[in-house]
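Using the hints, position chain B against chain V.
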Amino acid sequence: MTVIPVEKKVLGENQRIAESLRECFQEHGIFCLNIISSPGSGKTTLLERTLQGFGPQEKVAVLTGDLQTENDARRLARFGFPVQQIITGGVCHLDGRMIERALERWSLDDIDLLIIENVGNLVCPSSYDLGEDAKIVLLSVTEGEDKPLKYPSIFAKSELLLLTKTDLSPYVSFKIEDAKANANLVHPGIEILELSCTTGEGLDNWFRWLSRRRENMLQRLCATHS
Amino acid sequence: MHEIGIASEVIRAGQVEASRRIGARIVRIGIRIGVLSGVDRDALDFAFTALTQGTELSEVDFEIQSCPRRDRCLACKHEFESALYSEPCPKCGSVETILAGGDELDLSYVEVEEP
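Chains as they are written, first to last, in this note's numbering: chain V, 1 to 226; chain B, 1001 to 1115.
Isolated chain V, as found in the complex:
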């Protein structure tokens, strides 16, 4: 018997593509977000409110992943920014190759902010790097506050937790403080924002986070280029 030591990542091919996407985003000064949550936590609604908040001069583009239907892309296309639906045909996550193929249809010089809405799933998307600058996870108050404990992988890897649908708080038993404590157990110091896309409460903090992170990225890029 011979043991051949291999020591490589099982998803090494995805990682290679993700790194090349990341390099490409940096070259074009694109800030890229990978938005992940359970189905129904409000990813598409958040994107609607986000696109609504941008002026027509902003160079924003959205890739939205689903197992089936173009519904989300239709919802998001109303705001006049480039949107593409990625239909995975049953696959439970987006991978680097899907992003690469979708981007072939766009000129990257026309994009400053690329938002990827992943397939609604808290498990599998956490294993696939898409070349993003940050993963963002959504948790709505109509879910369980123990979700960070049940799905630690995605909460551990996300830079920001958005607690959504806070306008429904009075009607549900969800304890926001418990959810925050659970997220901190899995990811000490994770940034957390509360918002409601229905009332608009908290959206200003989300926009501030977005512009601060984009600013940080641009400063880093300038620093490495000078």
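No wet-lab data here; the hints were simulated from the structure.
No incorrect hints appear here.
For the chain B half of the interface with chain V, some residues (derived, Cβ under 8 Å), not all of them:
| hint | residue |
| --- | --- |
| 1 | Ile1031 |
| 2 | Leu1036 |
| 3 | Tyr1085 |
| 4 | Asp1103 |
| 5 | Leu1105 |
| 6 | Ser1108 |
| 7 | Tyr1109 |
| 8 | Val1112 |
| 9 | Glu1114 |
Cβ coordinates follow ideal geometry from the N, Cα and C atoms, glycine included.
Just chain B, lined up with the frame of chain V:
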């Protein structure tokens, strides 16, 4: 349920390694999965069985090694194993820690029988 995709990736990579040796037959493949990898051990096991049943790989043994979560203390830089969730630094007691490991999803070795 992306374990089928992961299992086929492991099998493909194992076959590539074995094919570099003439006549080698795969006996065992070693994989490491971290508690935060998002991969379920039982589902992965099931995927290996499902994919190899009735093929020349049906006798291959898949050794799945679980890796714990690791955290690094931001105050004293000590690195330590935790359970699934973060714990205070056992050395200095600080709760300011950052994730340092536990998301492994690695092919560690391929064991072959050579003629």
